[in-house]
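Number of protein chains: 2
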Amino acid sequence: MEKIQVDIKDVLQTVSKADIEALRPEADEALAKLTDGTGLGADFLGWVKLPTETSEALLNDLIAAANNLREHCDAVVCIGIGGSYLGAKAVIAALGNQLGTTPAGSPEILFAGQNIGEDYLYDLMEHLRGRRFGIIVISKSGTTTEPAIAFRLLKSMLEQQVGREEAAKLIVAITDAHKGALRSLATTEGYKTFVIEDNVGGRFSVLTPVGLLPIAVAGYDIKALVAGAREMEQATLTGADNSAMTYAMTRNALYRAGKKIEILVNYNPNLHFFNEWWKQLYGESEGKDHKGIFPAAVDNSTDLHSMGQWIQDGERIIFESVISVRDQRHEVRIPTDSDNLDGLNYLAGKRVDEVNKMAELGTRIAHVDGGVPNMRIVMPRLSEQFLGQLIYFFEAACGISGYLLGVNPFNQPGVEAYKSNMFALLEKPGYEEATKAIKSRL
Amino acid sequence: MEKIQVDIKDVLQTVSKADIEALRPEADEALAKLTDGTGLGADFLGWVKLPTETSEALLNDLIAAANNLREHCDAVVCIGIGGSYLGAKAVIAALGNQLGTTPAGSPEILFAGQNIGEDYLYDLMEHLRGRRFGIIVISKSGTTTEPAIAFRLLKSMLEQQVGREEAAKLIVAITDAHKGALRSLATTEGYKTFVIEDNVGGRFSVLTPVGLLPIAVAGYDIKALVAGAREMEQATLTGADNSAMTYAMTRNALYRAGKKIEILVNYNPNLHFFNEWWKQLYGESEGKDHKGIFPAAVDNSTDLHSMGQWIQDGERIIFESVISVRDQRHEVRIPTDSDNLDGLNYLAGKRVDEVNKMAELGTRIAHVDGGVPNMRIVMPRLSEQFLGQLIYFFEAACGISGYLLGVNPFNQPGVEAYKSNMFALLEKPGYEEATKAIKSRL
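So the protein lines, in turn, are chains G and R. Start counting the first sequence at 3; every next residue gets the next number (this note's numbering). Start counting the second sequence at 3; every next residue gets the next number (this note's numbering).
Simulated from the structure, these hints should not be mistaken for laboratory data. Quick caveat, the model's predicted, so the values are computed rather than measured. Some hints here could point you the wrong way.
Label pairs and their calculated CB-CB ranges [claimed, not checked]:
1. G:Pro27 x R:Asp371: 33 to 43 Å
2. G:Asp291 x R:Glu23: 26 to 36 Å
3. R:Pro415 x G:Ala226: 44 to 54 Å
4. G:Arg133 x R:Lys19: 48 to 58 Å
5. G:Asp9 x R:Ile319: 22 to 32 Å
6. R:Asn70 x G:Asp371: 21 to 31 Å
Backbone N, C-alpha and C fix where the C-beta goes; we use that ideal spot for every residue, glycine too.
Excised from the complex, chain G in its bound form (with noise of 0.2 Å):
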């Protein structure tokens, strides 16, 4: 069976194997924290086994509405924000292609509720306008601001669409088991609904309905995704696969070593999204406590005309993790020219990704050569089943590196500050002395 590889030999110009080697016995401890439970944010553990745990059923469920979706509409819209979002955009992204286009048969796939952008909203509702669309609400309380403005304004436009009996076979809602305001509508309006388990949270939840149900209604193969997870599971708790221990040991050595930004770079455009859901699970996880290594991202080649000057030759406190894609799924070879003027005939015949290739070497070499510690996560393409080991593996890896770095990488109480100050602005319901202590400091 193939797997992702993790190389790290260009780490150890800054790093030992055996400054490495040190943090094997903690990590060890921190994999066993994960299986049975005895960390810290015990009860957000849920995904550590969850693609074994999958049924069939279920994703049999998720296929069956997805279709639905599929037949009835040209449009669909994921409702969510965070975890609820990322992962799904990130997954359609990597297996889509970068014009935007779906795969023949699918609905154009659309996102609201993740920003509060007034004109994006109108430009989405004008994009929808007599469209045949659907709606995926996802939210485990309903009441979470961003996706609850979307999904009012969205259903209310739906509606008048197309009647309130008919959009509610177009909307279906991911949320509480039993709880909620999501729950009690869904409930009320007959919506098709899917669980969001209490025991995982949203930064781990791409391979569970959250993320599952819009990537089947994208065309993609979500048994072959939850299986490369399921490889990846297997392979990481069993110890015949150190991938995800290795990773998690090496970044938190270089962070000890003083590195404290990662860059995750990618060679492939498809991978922009993937990049943005990484730094959503390593930033929340670790950054706590006046700690963490502090997530970045480029997608190169392009951003070596952006950003490449300062990682060739800036302040020495990063690293690259680099997801390296062996095959790509199209060849485009250079064609010759008679006259040669651009120089690249030394090229003619090679395919693009030849070339794509040698300047993910170079830039390697280069980097390294500047003291910029390099790991390479390589996959062999970006199909279902590598992305599912991918998801995996950086999950795995997260809960590892968060137990090494001595925090509970399964909270979030920072993301609560915004919002607290944000309703008591908005003088909410039951937030009056906040919003007189707000005021005052105004």
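Fit chain R to the given chain G structure using the hints.
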């Protein structure tokens, strides 16, 4: 005249007014160096007086060339990388809508040559097959690998579709005035051309034909864009407006106080690529000699549910600069709901942007309370005029800031390192020795 404003009161918990003012003599000197050309990199100061020196005749010529493409093309591909990509992309995205729609009557604007993604090029060519498309190719030399590959492929495709003679009328080259591969080709083929002046570096080129032509093709008012930049140029150079100076001094004071990362923040999805443009401008100008602030960016409130936790509570080595857009283009009000299950009726009748503004204010208070200094850059709206002001503001501040840091803000020696390695690995003629050397290391 309305102008963008900078507010620094929320950094004063970290650096005092005195700390900032201590930099004024150096900053005054830096500004003088920019205007009299006595500082480092003085060969690249063409951008300083560019807005006032841009002639009406050039703008009219650009508009005429744009109108020709608009008339004959359903899609126009802009080929360029780095500064030959990001400026146009940033302005077009800021003025456009996030569903990818261009103004009525405008062609679809696409980009190529900003990466070496084989699948990206394949998907792009499939997207263009059989359609009436034009090309704007932007390269000083005409031999930069990424755009040269894309241009070979797309030129060949266009010539196959419409014939060589017709293709020549649909290609515009923006290149060196006299020399280089693209200039030679343009002369031979009779392409319409515009000049990249020697004294304006790529990342400062958005207000030259490099940025202006694509922006005009997309249907936006380049005269208003240049007029806005001119307002800021005159105000900055006469000392009537100190905002660029203030921003430069403040961020350097914060850097000297140990804040290693600047996060440019927006609350408007349209500004995502403006943030990317800013990252190139500052990263490439300052990231050298093992120093410089690391430029990062977030799109809020989206990223409050991703990077928000880290910003609130991670290592205290960051500060934020928030671009706050006062007025939105469209009005969307939150509807009332008789059931109010989502509890949002306290917001019913309010504009979506009122909620967004309270998210912004609530976040600023939370982050400042959490130890993250905040600057605020306020602009009236996302119009050509104010984007022109903002561009010049950031460019001027970048020049001043680079001199305060003690680097040459106008070179980018580090960008060459990966290129040399790549050429050696690809066995480019002339690199025989380097090829031997690099292969012996593998």
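Supplied distance hint 44 to 54 Å, evaluated on CB atoms of R:Pro415 and G:Ala226: For G:Ala226 against R:Pro415, whose Cβ atoms are near 46 Å apart, the range 44 to 54 Å holds.
Cβ separation of G:Pro27 and R:Asp371, checked against the hinted range 33 to 43 Å: 38 Å Cβ-Cβ, so the 33 to 43 Å window holds.
Quick check on a hinted range of 22 to 32 Å for G:Asp9 and R:Ile319, using CB atoms only. Once the Cβ atoms are compared, 29 Å apart, the range 22 to 32 Å for R:Ile319 and G:Asp9 holds.
C-beta pair G:Asp291, R:Glu23: status relative to the range 26 to 36 Å that was hinted: 35 Å, holds
Hint check for G:Asp371 and R:Asn70 - Cβ pair distance inside 21 to 31 Å: At roughly 47 Å between Cβ atoms, G:Asp371 and R:Asn70 fall outside 21 to 31 Å, so the hint is violated.
G:Arg133 and R:Lys19, beta-carbon distance inside 48 to 58 Å? 55 Å, holds
In the structure shown, a violation is registered for the earlier hint numbered 6 alone.
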